[in-house]
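In our numbering, the protein residues as written are 344 to 468.
None of these hints come from the bench; they were simulated from the model.
Be a bit skeptical, because a hint or two may be false.
Using C-beta positions, here's what the derived DEER-type ranges look like [said to hold, decoys possible]: (1) Tyr385 with Trp456: 37 to 47 Å; (2) Val454 with Arg369: 40 to 50 Å; (3) Gly458 with Pro368: 11 to 21 Å.
Glycine residues also receive a C-beta, built at the ideal position from the N, C-alpha and C atoms.
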Amino acid sequence: MGQVLAPTLTKEQGGGPNPVDATGPRLLSLDDGGVRGLSTLYILKGLIAKLKPVTSNCQPSFLFGLIRGTSTGGLNAIMLGRLEMDVDECILACHKFMKAVFEEKSSWLPVNWFGRTTYSLIQTG
């Protein structure tokens, strides 16, 4: 696949020598960003859209030899690499995850003004 990508990238960048070694390791690094971690997935989606005419398999797990990430990016890396989800599936899963995590919370806090919990962790009776 590296031999196919190198000429295409060179042609799109103006015809000079390709500074990217297409035969070397291909690493995808998805760093933390919380909700902003979605932006990396949309950038990856755009990159893969440009590669579709060049290669038949555009799964990130096929295109990259190693996919890693930290925090939210780590969750995305697991979905893309280990679970072999495509980018659209990963974006949908992130939306569901964020909705569950950041949904509106109750205003009641089980802590009093002195920082002590107002309920017992040990059931009595």
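Verification of the supplied hints:
1. For the pair Tyr385 and Trp456, the beta carbons lie near 44 Å from each other, so the given range of 37 to 47 Å is met.
2. For Val454 and Arg369, the Cβ-Cβ distance of about 48 Å falls inside the hinted range of 40 to 50 Å, so the restraint holds.
3. About 50 Å separates the C-beta atoms of Gly458 and Pro368, a value inconsistent with the hinted range of 11 to 21 Å.
Hint violations for this structure: number 3 only, all remaining hints satisfied.
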